[in-house]
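Undergrad: Produce the entire structure from the sequences given, and follow the hints as far as they go.
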Amino acid sequence: MNGKFVVNGKQYQFNFNSDERLLFTLRNHGFKEVKNGCLEGECGACLILLNGKPVNSCQVFTASAIGKDIKTVKGIGNLHEPHVIQEAFVEAGAVQCGYCTPGMILATYALLQNKPKPSESEIKNALDGNLCRCTGYVKIIEAVKLAAERLNGVKENKALYGEK
Amino acid sequence: MTKYKTVGKSKVKIDSLSLATGESRFTDDFELKNPLYLAILYSPHAHAEILNIDDSAARQMKGVVDVFHYGNVKPILHTTAGQGFPEPSPYDTTLFDTKVRFVGDRVAMVAAESREIAEEAIKHITVDYKILEPLFDPEKAMNEDAPQLHGPDRFTPIGAKYEPGKNLAAEVEIEFGDIKKGEREADFVLDHTYYAHYGSHCAQEPHAAISYFDETGRLVIVCTTQVPFHVRRIVSKVCEFPLSKIRVVKPRIGGGFGGKQEVFLEPLVALTTIRHKRPAKIVLNRKEVFQNSRTRHPVRTRLRTGVKKNGEITFLEMDSLLNSGAYGTHALTVLSNCGAKVLPMFNKIENLHFLGRSVYTNLPVGGAYRGYGATQGYFAMNQQIDMIARKLGVDLLEFIKKNHIRVGETSGVFRALGEGKEGVTQYIHSCKLDECIDIGAREIGWYEKRGKKIQNGDKIKGLGMMVAMQGSGIPMVDMGAAYMKMNDDGSFNLDIGATDIGTGSDTILAQIAAEVLSVDLDKIIVLSSDTDRTPFDVGAYASSTTYVSGGAVKKCAEKIRSQIISAASEMMKTDKENLELCDGKVTDGKNNRFVSLSDVAVYTLYSENQFQIQAGASQIVEESPPPFIAQFAEVEVDTKTGKVDLIKFVSVVDCGQAINPKLAEGQIEGATVNGICYALTEEYKFSKNGNLLTKQFRDYKIWSAADLPEIKTIVVDSHEETGPFGAKSVGEIGINGPMPAIANAIYDAVGVRMFKAPFTPARVYREMQKSGCQHY
Chain A
1 MNGKFVVNGK QYQFNFNSDE RLLFTLRNHG FKEVKNGCLE GECGACLILL NGKPVNSCQV
61 FTASAIGKDI KTVKGIGNLH EPHVIQEAFV EAGAVQCGYC TPGMILATYA LLQNKPKPSE
121 SEIKNALDGN LCRCTGYVKI IEAVKLAAER LNGVKENKAL YGEK
Chain B
1 MTKYKTVGKS KVKIDSLSLA TGESRFTDDF ELKNPLYLAI LYSPHAHAEI LNIDDSAARQ
61 MKGVVDVFHY GNVKPILHTT AGQGFPEPSP YDTTLFDTKV RFVGDRVAMV AAESREIAEE
121 AIKHITVDYK ILEPLFDPEK AMNEDAPQLH GPDRFTPIGA KYEPGKNLAA EVEIEFGDIK
181 KGEREADFVL DHTYYAHYGS HCAQEPHAAI SYFDETGRLV IVCTTQVPFH VRRIVSKVCE
241 FPLSKIRVVK PRIGGGFGGK QEVFLEPLVA LTTIRHKRPA KIVLNRKEVF QNSRTRHPVR
301 TRLRTGVKKN GEITFLEMDS LLNSGAYGTH ALTVLSNCGA KVLPMFNKIE NLHFLGRSVY
361 TNLPVGGAYR GYGATQGYFA MNQQIDMIAR KLGVDLLEFI KKNHIRVGET SGVFRALGEG
421 KEGVTQYIHS CKLDECIDIG AREIGWYEKR GKKIQNGDKI KGLGMMVAMQ GSGIPMVDMG
481 AAYMKMNDDG SFNLDIGATD IGTGSDTILA QIAAEVLSVD LDKIIVLSSD TDRTPFDVGA
541 YASSTTYVSG GAVKKCAEKI RSQIISAASE MMKTDKENLE LCDGKVTDGK NNRFVSLSDV
601 AVYTLYSENQ FQIQAGASQI VEESPPPFIA QFAEVEVDTK TGKVDLIKFV SVVDCGQAIN
661 PKLAEGQIEG ATVNGICYAL TEEYKFSKNG NLLTKQFRDY KIWSAADLPE IKTIVVDSHE
721 ETGPFGAKSV GEIGINGPMP AIANAIYDAV GVRMFKAPFT PARVYREMQK SGCQHY
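Chains as they are written, first to last, in the working numbering: chain A, 1 to 164; chain B, 1 to 776.
Don't take each hint at face value.
[Stated by the list, open to error] Listed below are the simulated SDA-like cross-link pairs for lysine to any residue, each with C-alpha atoms no more than 25 Å apart in a straight line:
#	chain 1	residue 1	chain 2	residue 2
1	B	Lys-712	A	Glu-149
2	A	Lys-10	A	Asn-28
3	A	Lys-117	B	Ile-711
4	B	Lys-421	B	Asp-153
5	A	Lys-74	B	Val-283
6	B	Lys-461	B	Thr-639
7	A	Lys-74	B	Leu-32
8	B	Lys-391	B	Val-407
9	B	Lys-62	A	Asn-15
10	B	Lys-555	B	Thr-639
11	B	Lys-287	A	Gly-129
12	B	Lys-712	A	Gly-129
13	B	Lys-9	A	Pro-82
14	B	Lys-33	A	Lys-117
15	B	Lys-712	B	Asp-395
FYI, nobody ran anything at the bench for these hints, they're computed from the structure.
TA: Now the structure itself:
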C-alpha cells in the first residue's frame, strides 16, 4: 500500500504493508526518534502525536493514519533550536538513557497544550502511559513543571507585548 | 561549599540534548545495507533432549538464507557473563546445544531477508524432543534423584568449586570464630528464612545487535552492551574469529542495570556476518527480554542470629541458596556478594558463618542485576535486625548505630570473600551513615510515627527503614583506562573505555578531566567505548565507573596538566613551580602573567620543540570503598484487602563527593523506584511446566509516574580520600533498600513479617490472616 502523510509539517508518500504498524513505517522512513520499546502499547517509547493526540504508534495500523498529521519529537525542536520542553528535560536532569525521552516529551507537549498549568497529579496522570526505568520519574515531573512555568512565562510576556 | 569548579556541580548531562531531540543513535537506529534479519526458535519444554531438527521446510521458504542449530554450528563452551578474563562463571553454554534447559532456551535461528520472513520461518522448523523430567525447586536441586542439567564436560575456568553432576553451579563458604560458642552465649536465637524473587531489568531499550564488515574487511559489531571489551573477547572465542579483526562500538544505550552485561546476541550476528559476508541484525521483543535474556537471581536466605540481652550479637549464620536458572552466568559472584556486601555492615559479630550455594534449575537464567546479591542479602539482614531490635525493646536506629561498621574499622569478610577469588583487606575511610540515619529519620518523622499504628478507617500506617553498603568496583580486578590529547583551541579529546549506558558517566568523567585542567566542561570532547578508538575498560558494572574509570581519567588529565605546564614554562621562560592552570589559562602568579591554553597548544603543535600534548593512564584499585545508605518507608496497609500503599520513601546516601549531585540523585531515584516496584508489584509467575506467564508490561507491573509516592533523596556531604576528588560509587546501592524497608514498615503497621516478596495484596492478606491480625 501507499499513502500520503504529513510528518513534522512536511508531506511524505510512504509505501507500507497492509498490516504494517505506524511505528515501523516511520522508522523505515528514517524517523528513528520513534522508539520501539514493547510493541504492546504499554511503554510509550513509540508515542507520537497523531492529529495532535498522543498515541502509541505501535498500536496504530499505518493504513488508518493516511492523510493524518504526525508529529515526532524532532517536530517540536532540534539540537540547534530546542523546544522549551526539551530544554527543561535537559536542565532538570530528566534524561538518563534517553530511550523513553522522545515519548515523554511528546506526552508533556500534549499535556501542556491542553493544560498550561497542570497540577502534580495531572502531570503524573498525563505521563501514566510512558514507562521509564532510569529516573524514577522524579526529575521528569520536575521537568514538566519547569517547562510549564517557562511556557506560561513566555505566554504572559507575549501578552504584555500585545502578541498573540 | 565545595572548593571545586566543576566537580560537585550539577552540570547538564552532555548527551542529554541530543537524546531529548531524538538525534542520538541507539543500536536499532543504525542503517544497514541489505542486512540479514535474525529470529530465534525457543524451546517450549523446560527440559528436553533434541533428537532431531528438520529445517528443510524453513530453508525452502523464499527469503530464508540460513538456519543455524547444533547440526551446523560448532559448540564452543563459554559463559555469556560479560566479566573479566578468566570469567568467574562456569563454561556451561554453547551457541546451540543438543539439549534445552528451560522454556525459552535457544534451539535454532533463522537468517532471512526480512524480519517477517525470519519470524515466519522459525515456525517451519520441526524439532523432535525427548522430554526429560524438569527441575524447578532449587531446594531439591542437589538431591541424589534430581534431574541433572549439565554434563561433566562443563567446567569453571578459574577452578572454583563447581559440580555439574550435583547441579551445583557455585559454592562459597567462610567461617570466623566459633558458632557453637556464640550459640552458648546467646540469650535468644532468631532463625528465619527469606525469599527474594525473580526480577526483570526492564531497560526500555530491548537487547539488540548488528554486525557488518567494514570497507577493510574488519567485523564491526554495534550492540546494546555494558561491556564492549568483553564482547570483543567473547565473540572472538565463540566465533573463532581473530580479535584483531573485531571492532565493537557502543552507541547510546537505553538502560542496562546489569541486563546488558551479557554477551548472548553479539555472537549470533557475528556468526551470520562471518558465514554469509552480509550485515546482520537482531532486535529482541519484550517477551524475549523477559523470558530469554537474563533476570535477577532468586535467593533463599536463612539467617540464624544469637543475641545477648545487652544487644550483642553473639553469632550469625547465613545460608544462601541462589537459583541460577538453566545456566550459571554470574552464579558465583552474585552468590558471593549476598555475603560480601552484607556481612561487613555489622562487623562486630565475632562468630560468623556464611554458606552460599548456587544451583541449576530448569527456569530462566539469572545474571547481573543492579545490587548484585546485595539486594537479596539485605532483604534478609535488615528484617532480621529489625526483629532483634524489637525483641530487645530498643530503637532500631540506635541498634544499627551501635553495630554498624565505622571509619577506621574493617571486617574479615572483605578479605575472605572476593568476586571469584579471595578479596582484599580494606579499612573504611569514609562513612556518614549515622548522619544518613538521622537525616532520614527527620524526613520520615521516625520518632513521631514509628510504632504508632496510625489508623485511618481500615488502613493502618507503619514506618520501616534499612541500611546498606555496596562497593566501588572490584578491587585488584577491575581496570579502566583513559587517553587524552590537546587541540589547537585548548580543548581536549577524552577517550575512555568506560561505558555510559544512560548513567551519565561520559559527563562525570568529563567533569573530572575539566576539574584537573581547570577548563569549562564544553572543552572536553568525550568518546567512549569503541574497542578500536578508546583504551580498555571492564565496562559498566560493579559500581565501578566513577571510582575506577574516574581514577584513570584523573591520572590521565594530571599527566596532560604537567605537559602543559612544561610547555608553558618554556614559553614563558619561568620555573614550572610558578605556574598553575586556572580558568583556561596557565598563570604565573608571581609575575602576574599568563598564556592561554590555546597559546600552549599552538606553540606545541606548530611553533617550537613540537609535540602532541597527549597521555594515557590506567587505574586498578586496591580498595572498593563502600557507599552507605539509609532508606525509610512509610506505608499504609489496608487490613481489608492486604494492599500496601507506599506513602513516602526517603533515601539518604553517602557516596563520597558527588561529582554531579543531580546525576547522583538520579541514580538513587531510579534505583529506588526500581526497588519499590520489585518489592510490591514485579513478579515472575510460571505455569506448572515452567513457562513464564508474566512477560508483558501489563502482567509484570513496573510503575509509572502515576503510581509514584513522595520520593525524597538526599546526598550527604562526604569525602572518600582514595577516590577521584573524594568520590565513591552511587549506581547500585539505592535498589537495596525498598524491599526490607517496606517489609519492616508493613510489620510496623500490621505486625506481620513478609518473608516472601513481592508484597502483593494477596500475600500480605494471607499473612495477616495467618497471624490473626486482620481484624484490627
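Undergrad: Against this structure, judge whether each hint is valid.
TA: For each hint, the structure was consulted:
no.: 1; hint: Lys-712/B to Glu-149/A; verdict: holds (22 Å)
no.: 2; hint: Lys-10/A to Asn-28/A; verdict: holds (17 Å)
no.: 3; hint: Lys-117/A to Ile-711/B; verdict: holds (22 Å)
no.: 4; hint: Lys-421/B to Asp-153/B; verdict: holds (23 Å)
no.: 5; hint: Lys-74/A to Val-283/B; verdict: holds (24 Å)
no.: 6; hint: Lys-461/B to Thr-639/B; verdict: holds (11 Å)
no.: 7; hint: Lys-74/A to Leu-32/B; verdict: holds (22 Å)
no.: 8; hint: Lys-391/B to Val-407/B; verdict: violated (28 Å)
no.: 9; hint: Lys-62/B to Asn-15/A; verdict: holds (21 Å)
no.: 10; hint: Lys-555/B to Thr-639/B; verdict: violated (58 Å)
no.: 11; hint: Lys-287/B to Gly-129/A; verdict: holds (19 Å)
no.: 12; hint: Lys-712/B to Gly-129/A; verdict: holds (23 Å)
no.: 13; hint: Lys-9/B to Pro-82/A; verdict: holds (23 Å)
no.: 14; hint: Lys-33/B to Lys-117/A; verdict: violated (47 Å)
no.: 15; hint: Lys-712/B to Asp-395/B; verdict: holds (23 Å)
Going down the numbered hints, you'll see the structure goes against 8, 10, 14, while the others check out.
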